[in-house]
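Trainee: Given next are the chains, with one letter for each unit.
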Amino acid sequence: MPYNKAFLTGLYRMMKSIRLCEESLIEPILNGSIRCPVHLYSGEEAIATGVCAALDKDDYIFGNHRSHGHFLAKGGNMGALIAEIYGKEKGCSKGRGGSMHLIDPEHGVMGVVPIVAGTISLATGAALASQIAKNKRVTVSFFGDGATGEGVLYEMLNFAGLKKLPIIFVCENNLYSTHLPVNEIRVDSKISEIAKPFQIESITSDGNDVLGVYEITRSAVEKCRNNNGPFFLEFLTFRLRGHVGPSDTIQGTKTDIRPQEQIKEWKKKDPILRFRKQLLEDGILSDEEVCELDLKCEEEVKNANLYAHNSNFPDKNELDLYVFKKQETIL
Amino acid sequence: MFSKNRKLSYSDTINETLDHLLATDNKILLIGQGVKSPWYVGSTCNGLYDKYGKERVLDTPISENGITGVAVGAAIVGMKPIIVHPRMDFMLYAFDPIINQAANWHYMSGGSSNVPVLFWGIINRGGEQAAQHSQSLYSVFAHIPGLKVITPSTPFDVKGLLISAIKDPNPVLFVDDRWLYNITDYVPEEPYEVPIGKGIIRREGRDVSIISFSYAVHETLKAAEKLASNDIEAEVVDLRSIKPYDKEIILESVKKTGRLIIVDASWKTGGFSAEISAFVAENALEYLKSPVLRVCLPDVPAPSSGVLEEEYYITHDKIVKAAMKITKLVKK
Numbered sequence: 128m129p130y131n132k133a134f135l136t137g138l139y140r141m142m143k144s145i146r147l148c149e150e151s152l153i154e155p156i157l158n159g160s161i162r163c164p165v166h167l168y169s170g171e172e173a174i175a176t177g178v179c180a181a182l183d184k185d186d187y188i189f190g191n192h193r194s195h196g197h198f199l200a201k202g203g204n205m206g207a208l209i210a211e212i213y214g215k216e217k218g219c220s221k222g223r224g225g226s227m228h229l230i231d232p233e234h235g236v237m238g239v240v241p242i243v244a245g246t247i248s249l250a251t252g253a254a255l256a257s258q259i260a261k262n263k264r265v266t267v268s269f270f271g272d273g274a275t276g277e278g279v280l281y282e283m284l285n286f287a288g289l290k291k292l293p294i295i296f297v298c299e300n301n302l303y304s305t306h307l308p309v310n311e312i313r314v315d316s317k318i319s320e321i322a323k324p325f326q327i328e329s330i331t332s333d334g335n336d337v338l339g340v341y342e343i344t345r346s347a348v349e350k351c352r353n354n355n356g357p358f359f360l361e362f363l364t365f366r367l368r369g370h371v372g373p374s375d376t377i378q379g380t381k382t383d384i385r386p387q388e389q390i391k392e393w394k395k396k397d398p399i400l401r402f403r404k405q406l407l408e409d410g411i412l413s414d415e416e417v418c419e420l421d422l423k424c425e426e427e428v429k430n431a432n433l434y435a436h437n438s439n440f441p442d443k444n445e446l447d448l449y450v451f452k453k454q455e456t457i458l
Numbered sequence: 052m053f054s055k056n057r058k059l060s061y062s063d064t065i066n067e068t069l070d071h072l073l074a075t076d077n078k079i080l081l082i083g084q085g086v087k088s089p090w091y092v093g094s095t096c097n098g099l100y101d102k103y104g105k106e107r108v109l110d111t112p113i114s115e116n117g118i119t120g121v122a123v124g125a126a127i128v129g130m131k132p133i134i135v136h137p138r139m140d141f142m143l144y145a146f147d148p149i150i151n152q153a154a155n156w157h158y159m160s161g162g163s164s165n166v167p168v169l170f171w172g173i174i175n176r177g178g179e180q181a182a183q184h185s186q187s188l189y190s191v192f193a194h195i196p197g198l199k200v201i202t203p204s205t206p207f208d209v210k211g212l213l214i215s216a217i218k219d220p221n222p223v224l225f226v227d228d229r230w231l232y233n234i235t236d237y238v239p240e241e242p243y244e245v246p247i248g249k250g251i252i253r254r255e256g257r258d259v260s261i262i263s264f265s266y267a268v269h270e271t272l273k274a275a276e277k278l279a280s281n282d283i284e285a286e287v288v289d290l291r292s293i294k295p296y297d298k299e300i301i302l303e304s305v306k307k308t309g310r311l312i313i314v315d316a317s318w319k320t321g322g323f324s325a326e327i328s329a330f331v332a333e334n335a336l337e338y339l340k341s342p343v344l345r346v347c348l349p350d351v352p353a354p355s356s357g358v359l360e361e362e363y364y365i366t367h368d369k370i371v372k373a374a375m376k377i378t379k380l381v382k383k
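Sequence lines, in order, name chains U and E.
Per the working numbering, the very first residue in the first sequence carries number 128; after that it's consecutive.
Per the working numbering, the very first residue in the second sequence carries number 52; after that it's consecutive.
The hints are simulated quantities; they were obtained by calculation from the structure and are not laboratory data.
Values in this document were obtained by computation on a predicted structure and should not be read as measured data.
Wrong hints could be hidden among the right ones.
Stated by the list, open to error - The calculated lysine-lysine pairs, modelled on DSS-like cross-linking and capped at a C-alpha distance of 30 Å, are: (1) U:K291 x E:K102; (2) E:K379 x E:K277; (3) E:K87 x U:K453; (4) U:K317 x U:K391.
Please build the complete structure, drawing on both the sequences and the hints.
Mentor: The following block contains the structure:
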């Protein structure tokens, strides 16, 4: 592999941290101590990790309801993420946003929201601002296959294509629009084709191959920085947990309509197991080193949970604190 | 220090103010359909494209939802976009970026991110344009936390409020009315601010308070003139902003006159007039000598036929009738 050990280790560690962070939420969701709706990223880690590894700290990302992975991969603090999910004051949005509204401008997580396709236009606007300011920043807009049903996506493909904006549209196609398979919501299930009429270069590729995701994104990022955007990347993946929560079992009724055989097949393609195997086979890491990394990730997740638990809930008297930003005195 | 003897129309004042704003802050962008063409937006954007170029003044595809989101996104990363909707009816496509995104943004980020965007929706009614080219939809937006709504009625105020709105770190909706565009008044050349949420007494009176804003203020002032010849002295309050609105000025006026009429050039049911009425009922009921009256549009879509339009829109005669009626009413 033409990459150094630290970089590859970093990719593995990020994916593993995201997975363990997500899985650490299962028990609290089941016992009711987490009440806010949580859309777990388990199984899709290679996309956030590979894409964000190709970005600089100053670049922007926008996401959707399933964005814990994006938040962490872009550099967001895990303790602040978990605290937010618990509705705590030390959360990244001070307990006002919850799992589905994560905003952390300091790390370039400019906004993730649950309105399907809701941030695609915002991301396009951020890219327009970068183009005007000539600051070479690149914006990534993450959305799912379900968002391809929203008209605003096509409005923005047209506008981004027209203005040649430095934006990468990243469609995480996990094959299901909540409870509907892609072929029940689309005429053509090859999503990357939708960019073509707008003269936007696009590609469909394996979203469970972290290095592949990284390489494709890096090339798109370079082109965007040299004023040759936009790009449309479709990554195929699969979620290992429910649409919302640990599984799609609602009040005892199993609503996950995905065939058992398909779930089994995709478990074999788990991006973390796959990458670990590759690292071991290529002699990049030893068994001991992998174990050590796993332990470090466990420790990180434990500490992040501890940070969240030790944070207070917001003060009831501050219910309306952030409705409007107070005007700063202009000299 | 102000040059007090220069007259300007409402629409030319918008043009001059936009020019001033674009010149003073290169983060300000003007985005929307028709900013290159007077056919869409009157004289309000004349010359700006030529002066500031296509990066600062962006005429756009007809994609209201997406393009409004573009303005919101640019604001999130530090620009100060003004996004114009030449007919407010089309702005309904942009409910998501205005309400779901911009208005909620500062709150749901716990204060770490804000959206200094100015939405501009033009009411463009009359002339038999009918239902989808005539709606005045400001009340809907005044309902939304996190969004400010300004509704200036004079050239002086439109300049001062636009400058305040651009300086505001929050999303602000500016609603104007094409019926205001030819109104001419004194406008200082120098920049100045009119604070958002501060009303003004347009005419003092002792008998009845008539609360109004935007275009309806001018019909109300004509009505007050007629009423004076019938020995009824109406106090005309122009709210200038409807979110936040000036509660003090309403209370003071109602306490003085004991009678309240609200003139709102939009529909009656669930509209902003109901908010004012409820506010006075909650806070000054004991001062009222009679029930509150409202002069609004009937709960009917805007018609096309000129005959029906005449019946539909608010005229000063309708306000005069309401005032004649209220001064004879007594609280049971």
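Trainee: Give a verdict on every hint.
Mentor: Status of the hints after comparison with the structure:
no., hint, verdict
1, U:K291 x E:K102, "23 Å, holds"
2, E:K379 x E:K277, "17 Å, holds"
3, E:K87 x U:K453, "34 Å, violated"
4, U:K317 x U:K391, "23 Å, holds"
The earlier numbered hint that this structure contradicts is number 3, and it is the only one.
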